[in-house]
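*Asks:* Going down the list, the protein sequences come from chains H and Z. Per UniProt numbering, the very first residue in the first sequence carries number 1; after that it's consecutive. Per UniProt numbering, the very first residue in the second sequence carries number 1; after that it's consecutive.
Keep in mind the hints are simulated off the structure, nothing from the lab. Be careful, since some hints might not be right.
[To be verified] No farther apart than 27 Å at their CA atoms in a straight line, the calculated lysine-lysine pairs in the DSS-like style are these:
1) Z:Lys312 to Z:Lys257
2) H:Lys324 to H:Lys313
3) Z:Lys352 to Z:Lys236
4) Z:Lys352 to Z:Lys381
5) H:Lys82 to H:Lys12
6) Z:Lys18 to H:Lys12
7) Z:Lys26 to Z:Lys58
8) Z:Lys336 to Z:Lys352
9) Z:Lys241 to Z:Lys257
10) Z:Lys100 to Z:Lys24
11) Z:Lys24 to H:Lys12
12) H:Lys330 to Z:Lys18
13) H:Lys82 to Z:Lys18
14) Z:Lys236 to Z:Lys336
15) H:Lys82 to H:Lys330
16) Z:Lys267 to Z:Lys352
17) H:Lys82 to Z:Lys381
18) Z:Lys58 to Z:Lys24
19) H:Lys330 to Z:Lys100
20) Z:Lys381 to Z:Lys371
21) H:Lys82 to Z:Lys100
[To be verified] Chain Z is nowhere near these chain H residues, computed Cβ spacing over 12 Å in every case:
22) Arg45
23) Lys60
24) Ser163
25) Gln318
Where is the CB? At the ideal position from N, CA and C, for every residue including glycine.
Spelled out, the chains give:
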Amino acid sequence: MAANYWASTQHKYWRFTQEQLAAMRQSLEDEDPTPVQAYPLPQQRHLNIFFNQQINRLAKRLSIRQQCLATAQMYIKRFYLKVEIRRTNPYLVMATAVYLACKMEESPQHIRMIVSEARQLWGHELQQLDTSKLGECEFFLISEMNSHLIIHQPYRTLTSLPSEIALSPEESSLAWSVINDHYMTDLPLIHPPHIIALTAILLAIVLRPSPAGSGGNNQAAGVATAASMLVQAQQSQARRRTSGTLTPGGSQGSSEQYPSDSPAEKKPSDPRMSKVVRFAAFLADSTFDIEAMIDTTQEILTFYECHEQFNAKLTQDQISRYVKARSLDK
Amino acid sequence: MNHNNFICGPGPMGYQSKVRVVDKYKVIGFISSGTYGRVYKAVGRQGQPGEFAIKKFKPDKEGEQSYVGISQSAIREMALCSELSHPNVIRLVETILEDKCIFMVFEYAEHDLLQIIHHHTQQPRHPIPPSTIKSIMFQLLNGCQYLHTNWVLHRDLKPANIMVTSAGEIKIGDLGLARLFWKPLHALFSGDKVVVTIWYRAPELLLGSKHYTPATDMWAVGCIFAELLSLRPIFKGEEAKMDNKKTVPFQRNQMQKIVDIMGLPTKDRWPLLPSMPDYTQLVTLQPPLGGQHHGHHYNHHRQALNTGHLEKWYYNTINQVSAGSGAAPPLASLGKEGYELLAGLLVYNPEKRLTAEQALQHPFFSTGPDKVSANCFEGLKTEYPHRRVSQDDNDIRTGSLPGTKRSGLPDDSLRPGKRLKE
Ligand SMILES: Nc1ncnc2c1ncn2[C@@H]1O[C@H](COP(=O)(O)OP(=O)(O)O)[C@@H](O)[C@H]1O
Ligand SMILES: [Mg+2]
Numbered sequence: 001m002a003a004n005y006w007a008s009t010q011h012k013y014w015r016f017t018q019e020q021l022a023a024m025r026q027s028l029e030d031e032d033p034t035p036v037q038a039y040p041l042p043q044q045r046h047l048n049i050f051f052n053q054q055i056n057r058l059a060k061r062l063s064i065r066q067q068c069l070a071t072a073q074m075y076i077k078r079f080y081l082k083v084e085i086r087r088t089n090p091y092l093v094m095a096t097a098v099y100l101a102c103k104m105e106e107s108p109q110h111i112r113m114i115v116s117e118a119r120q121l122w123g124h125e126l127q128q129l130d131t132s133k134l135g136e137c138e139f140f141l142i143s144e145m146n147s148h149l150i151i152h153q154p155y156r157t158l159t160s161l162p163s164e165i166a167l168s169p170e171e172s173s174l175a176w177s178v179i180n181d182h183y184m185t186d187l188p189l190i191h192p193p194h195i196i197a198l199t200a201i202l203l204a205i206v207l208r209p210s211p212a213g214s215g216g217n218n219q220a221a222g223v224a225t226a227a228s229m230l231v232q233a234q235q236s237q238a239r240r241r242t243s244g245t246l247t248p249g250g251s252q253g254s255s256e257q258y259p260s261d262s263p264a265e266k267k268p269s270d271p272r273m274s275k276v277v278r279f280a281a282f283l284a285d286s287t288f289d290i291e292a293m294i295d296t297t298q299e300i301l302t303f304y305e306c307h308e309q310f311n312a313k314l315t316q317d318q319i320s321r322y323v324k325a326r327s328l329d330k
Numbered sequence: 001m002n003h004n005n006f007i008c009g010p011g012p013m014g015y016q017s018k019v020r021v022v023d024k025y026k027v028i029g030f031i032s033s034g035t036y037g038r039v040y041k042a043v044g045r046q047g048q049p050g051e052f053a054i055k056k057f058k059p060d061k062e063g064e065q066s067y068v069g070i071s072q073s074a075i076r077e078m079a080l081c082s083e084l085s086h087p088n089v090i091r092l093v094e095t096i097l098e099d100k101c102i103f104m105v106f107e108y109a110e111h112d113l114l115q116i117i118h119h120h121t122q123q124p125r126h127p128i129p130p131s132t133i134k135s136i137m138f139q140l141l142n143g144c145q146y147l148h149t150n151w152v153l154h155r156d157l158k159p160a161n162i163m164v165t166s167a168g169e170i171k172i173g174d175l176g177l178a179r180l181f182w183k184p185l186h187a188l189f190s191g192d193k194v195v196v197t198i199w200y201r202a203p204e205l206l207l208g209s210k211h212y213t214p215a216t217d218m219w220a221v222g223c224i225f226a227e228l229l230s231l232r233p234i235f236k237g238e239e240a241k242m243d244n245k246k247t248v249p250f251q252r253n254q255m256q257k258i259v260d261i262m263g264l265p266t267k268d269r270w271p272l273l274p275s276m277p278d279y280t281q282l283v284t285l286q287p288p289l290g291g292q293h294h295g296h297h298y299n300h301h302r303q304a305l306n307t308g309h310l311e312k313w314y315y316n317t318i319n320q321v322s323a324g325s326g327a328a329p330p331l332a333s334l335g336k337e338g339y340e341l342l343a344g345l346l347v348y349n350p351e352k353r354l355t356a357e358q359a360l361q362h363p364f365f366s367t368g369p370d371k372v373s374a375n376c377f378e379g380l381k382t383e384y385p386h387r388r389v390s391q392d393d394n395d396i397r398t399g400s401l402p403g404t405k406r407s408g409l410p411d412d413s414l415r416p417g418k419r420l421k422e
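Kindly generate the complete structure, drawing on both the sequences and the hints.
*Replies:* Written out as structure tokens, the structure is:
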């Protein structure tokens, strides 16, 4: 079903565990180990950052919207689960993924525009790019994805929240950017989009830059708040499950005890805390997979740490080396 | 020939399909050619049960030696069909991308509504049995409800796109114009120059609305219902051609056909009417003549001219007796519920039009002598003629140009207006 995530091909065919992902990537490398050894590449997260930065450059030139880029990144992820990257020219794959994603997201770009912009941008590796090559790569991409082109994204959840946890414009844009960032991790191959959205909301609430004066060094505290709040909500969910109650009393309990248990020790009068409390109650009362949210929080934090070690130049050079050596630019 | 080093793979070519159409399917005939390509009938070579319809999309230009990018319509159809799964929506078996062509393999449907209607117009003209109409409508609405609850708008519902299997199941087909409507990115109209064959096009679209909604599909369902009753399109307008400026012209003739039966739309019943882009065009239309059309002489006064003649149209239609037979009119059993359903679907105001879900609850389906069957042919003594399958183009690998029309195939000859390429 197109709009029902649980019946979608994304849920049925494109969700994996971390272990499955690792095994699939390993087996791709094992199929042809020589180039893998000859051409080392940065870790997956750094490749993802690279793809993200590059397609953003292309998007700027053509005023392509964020949703198209999200979809394009999903296509790239799926494709590289099926095809070892050293068999491909990633610049061609990126250009094609953007071209296809724009069509799928109902804001098509002319193939000639994509080709000419991609050539200007990535001329060093795509000098010979023409529409035919891009069109051929489109067949390759679609075929490896089994024609599963509809992507469920977390963005929609942001605008359909119940009123008690509605976000301020500031929080909303922060959540939006967390969602943008999660496309540089494996999370969209692991968890459903609403889990990502809920985690992004939580992070936006706890990390939101404080009002003037309170300083910027509360990130760690904020994250700790988020983590402990999730654990609380999870326990409360579990209690509710065993006692069989679905009454609001359960969530009341958790929202009452929550602030005092919080390592952040925020006063309940802090407007941010009260929103966190409300969100905690909302989660405790829900059947959402909080374990998955905890996992997502962790991965996003790991990603932000690892982002600092990203070396664009090195990544680009390493890609260039194998692309040139294997004549993938011809 | 060395233009494809995209892949450092074993083969000399760049993209190679892992599955070859001709290895997996045996084409047994040619069904139809449309704007986008051709449809073939096939059976499996590898023990796959049943028969298949393979829709082949070709690059626009014949003999194109290179890839040109897949049309948005093909992309939509591939993407949507692989997500959908419902007994009243045609099932996509697989998609094969091979040799610069796209092959979408569907379950085969022996009939479609266009053929069935056509069959009943053959002499002696005889109406479709009421039980068949009920079953068709119920299944069609069921498929629509599924599409709409999954945020899919079909946007091209018409008899030629509604398939019927030999077991009497209705299968909504041709999702080439379908779109997801949870994407508020563009008005759902822009980007497609022509949406919905003009005879089935809802009044809000004719009046220039850019907002395509489930209600727009429901108007088409109403038109199809009427056509099942009378065996001809209820609003058979002539399409005004696109002018050079590529602006979509006001379809005056089509709108007039609607007004002739439905009366002029009014602000009272359609409050947003004055905000329609082509609202001002309405004054150029003729109000329907008071009954004279149908040979009656009710002496209505001016105000009555706006109320329309749908009711009269309906009862005239269902009370027709078959030529030369003294029997009761065969459609009479559809009764007033039939009129109410029809009138509920053909409501000017899209917000007041029945939704698929509401229509399924309509007493039309729970009253009257005919039970709704999951097989629209239940109780019929005669069988409909099988789909015409021609033998003069069995080579799915080469096939001739898309758009090269073969004469004599009812599907092509009866359709008004073609879609434009996007
Ligand atoms: N599954 C099918 N089984 C049998 N015939 C089919 C099937 N799908 C399509 N056809 C035939 O081919 C015609 C064209 O197919 P359609 O999907 O409507 O494409 P187009 O975009 O050319 O209108 C249909 O009107 C019908 O006659
Ligand atoms: Mg069609």
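*Asks:* For a quick check of understanding: which of the numbered hints are violated here, in increasing order?
*Replies:* 4, 17
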